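Chains A and B supply the protein sequences, listed in that same order.
Note that the first sequence covers residues 0 to 392 in numbering that gives the first Met the number 0.
Note that the second sequence covers residues 0 to 265 in numbering that gives the first Met the number 0.
These are computed hints drawn from the structure, not numbers from a lab.
Fair warning: this is a prediction, and the values are worked out from it, not measured in the lab.
A couple of the hints might just be wrong.
[Said to hold, decoys possible] Per label pair, the in silico range of CB-to-CB distance: (1) 190(B) to 151(A): 46 to 56 Å; (2) 142(B) to 274(A): 50 to 60 Å; (3) 142(B) to 100(A): 31 to 41 Å; (4) 163(B) to 320(A): 46 to 56 Å.
[To be verified] Straight-line alpha carbon distances no greater than 30 Å define the calculated DSSO-like cross-link-like pairs of lysine-lysine that follow: (5) 215(A) to 51(A); (6) 223(A) to 1(A); (7) 119(B) to 210(B); (8) 119(B) to 145(B); (9) 277(A) to 210(B); (10) 83(B) to 320(A); (11) 223(A) to 362(A); (12) 320(A) to 205(B); (13) 277(A) to 69(A); (14) 69(A) to 366(A); (15) 83(B) to 277(A); (16) 227(B) to 83(B); (17) 388(A) to 322(A); (18) 262(A) to 43(A); (19) 262(A) to 364(A); (20) 277(A) to 18(B); (21) 277(A) to 205(B); (22) 388(A) to 223(A).
Where is the CB? At the ideal position from N, CA and C, for every residue including glycine.
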Amino acid sequence: MKYGVNEQGYYGDFGGAYVPEMLYPNVEELRQQYLTILNDPDFKAEFNQLLKDYVGRPSPLYYAKRYSEKYGANIFLKREDLNHTGSHKINNAIGQILLAQRLGKKRIIAETGAGQHGVATATVCALKGIECVVYMGEVDMERQAPNVARMKMLGAKVVPAMSGSRTLKDATNEALRDWIANPVDTHYIIGSVVGPYPYPDMVARFQSIISFETKKQLFEHTGKELPEYVMACVGGGSNAMGMFYHFLDDESVRLIAVEAAGKGVNSGHSAATTFLGKEGVLHGSRTILMQTEDGQVVEPYSISAGLDYPGIGPQHAHLYKIKRAEYASVTDDEALQAGLLCCQLEGIIPAIESAHALAQLEKMKFKKDDNVVICLSGRGDKDLNTYIKYFNY
Amino acid sequence: MSYEPSNNMNRLNQLFATKGNNLLSIYYTAGYPELNSTLDIAEALEKAGVDFLEIGFPYSDPVADGPTIQNSSQQALDSGMTLKVLFEQLKDLRKRISIPILLMGYVNPIMQYGVERFCKQAAEVGVDGVIVPDLPIYEYETIYAKYFKGNNLSNIFLITPQTSPDRISKIDDLSNSFIYLLSSSSITGGSLNVSDSIEAYYTRVKAMNLKNPTIIGFGISDNATFTKACQYANGAIVGSKFVKLLEEDNYLEKIPAFVQSIRPIY
Ligand SMILES: Cc1ncc(COP(=O)(O)O)c(C=O)c1O
């Protein structure tokens, strides 16, 4: 694959495994084993069976008629919101729990922002009867309270991350610290295409099911495998990478990634990483991150907990730098309005994360016959409080 | 007492050449508890008999550190500590302090400062070595090593109970002053727990007859843990326990008694 990872774990200038020696054996074990395990017929069979019977895949590719009329193109929604647990995060969680089992791990840790990855991880741990600890920023525990309750019902222990901005980046720090202290029996299920190599590649492979299905489904709808546009929101970038994966080598397909601008790119309250960031190291990989001149990580802001992250995965940094994908940004207000529009035009309440991708439709100039696929990465149940407050329902 | 590095022997190499055991090193965070306390603390520690120092430059997201050092780092950042400020403070380092000095911190601030500029300035002010926990061997060898070597700075690698013998040998080859032996796989600020398996690990490393001396760190907090560590290595490093002392009033005056409590001189 032209845009894939090389042997050293790099995508162009980005990637690698910048981890302290304490984490080296864990990461090295994964590096040595992940491809063998992922290619094992037994693994594949169990993965595919669970995706079908437990997650409910394939997720529909829905032709959104009223959106299409409004925006003057054929708009399709890839319905990851219909997955069990309500988002694309479950695809990766299923893959990693099966991997962890094959590595003989007895305990699972995870970080979560919106709580979707935490819920997905708690779910697969319940499924397999494995102990689960989820780190979540204290601020996020408040704004995504229903997901905290869900994780607890599923048997996970939820530990508040109290350092820094008390959001996703700090939850990730705490999970890494836990992994340092528990190097032998614990597997860390990272929730996005971030972290040291091989995580970005491994998570992208698990999420690539999104674009794999889309190609076939689009052919059934239109007689063509390739759309003109593929769009997705980017926190760390896993739903976007899953949505882009099988289109990367099809250079005619325009890949649009949408970041969270928060209160505006230049407001000082934003998470629009490619607009505000510089190259550096975050959470184990060389990537683009928001930072001060002195190399301190800047605390991001977005109303969407899942996009409130100061970096992006290294493969995104690469696709951005070489211009294979285009990176846009959408504010809190634009996203919430787009979320409401989706309810009213299509009868779907989207996650606020996904609503960022939908909001970008307003800014695009399509031709009449363009086929456009948007990853509807999750459902909005977890965000009802935020929607209710914003629109005064 | 004052010695200048010569023949590619920096102060660290000279220290290990002249004193082989019971070495005591102290870690603390630059700019904590006060922005300008960095050198005063160094001076007090040297006077109290400490053999070498690790001065941490703060980072916002120190994943290898526990709450004590996280907190000192955040406070130092809030007070305005940056690498630029630190090098400014260290201008007079060698007028006041003669023991070896290491800088310790995470890779991103070095990257933003520019590794070449960082190494050059570190050497200019009289720093002897650098510890960068999240700088991988591959990137060290391919990018960083030439700047470290060109400025006669030792790069200190860490090993843990999980590090394989092959990797320990490789680290021994790449090292040129000492190897930092972690007492367990943990973040800073834990307690030294000498279980059978840890004892086996120390013994295993000792039996490898490495060319570099070893210093044990993480969880060294009193005379008992220091003495234990010195049975297996050439010395030990105290970090979080000392940073906690800096939270107290009149911390400078308390330094001699603190050092005495770790390694009594009778
Ligand atoms: C529904 C949904 N979409 C998107 C994201 C952002 O993550 P990523 O960029 O990895 O897809 C999240 C994260 O929590 C999410 O819950």
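So, going through the hints one by one against the coordinates:
| no. | hint | in the structure |
| --- | --- | --- |
| 1 | 190(B) to 151(A): 46 to 56 Å | violated (31 Å) |
| 2 | 142(B) to 274(A): 50 to 60 Å | violated (27 Å) |
| 3 | 142(B) to 100(A): 31 to 41 Å | holds (38 Å) |
| 4 | 163(B) to 320(A): 46 to 56 Å | violated (35 Å) |
| 5 | 215(A) to 51(A) | holds (16 Å) |
| 6 | 223(A) to 1(A) | holds (23 Å) |
| 7 | 119(B) to 210(B) | holds (27 Å) |
| 8 | 119(B) to 145(B) | holds (12 Å) |
| 9 | 277(A) to 210(B) | violated (40 Å) |
| 10 | 83(B) to 320(A) | holds (29 Å) |
| 11 | 223(A) to 362(A) | holds (25 Å) |
| 12 | 320(A) to 205(B) | violated (48 Å) |
| 13 | 277(A) to 69(A) | violated (37 Å) |
| 14 | 69(A) to 366(A) | holds (13 Å) |
| 15 | 83(B) to 277(A) | holds (19 Å) |
| 16 | 227(B) to 83(B) | violated (38 Å) |
| 17 | 388(A) to 322(A) | violated (38 Å) |
| 18 | 262(A) to 43(A) | violated (43 Å) |
| 19 | 262(A) to 364(A) | holds (24 Å) |
| 20 | 277(A) to 18(B) | violated (45 Å) |
| 21 | 277(A) to 205(B) | violated (43 Å) |
| 22 | 388(A) to 223(A) | violated (42 Å) |
Figure legend: structure checked against the earlier numbered hints; hints not met, in rising order: 1, 2, 4, 9, 12, 13, 16, 17, 18, 20, 21 and 22.
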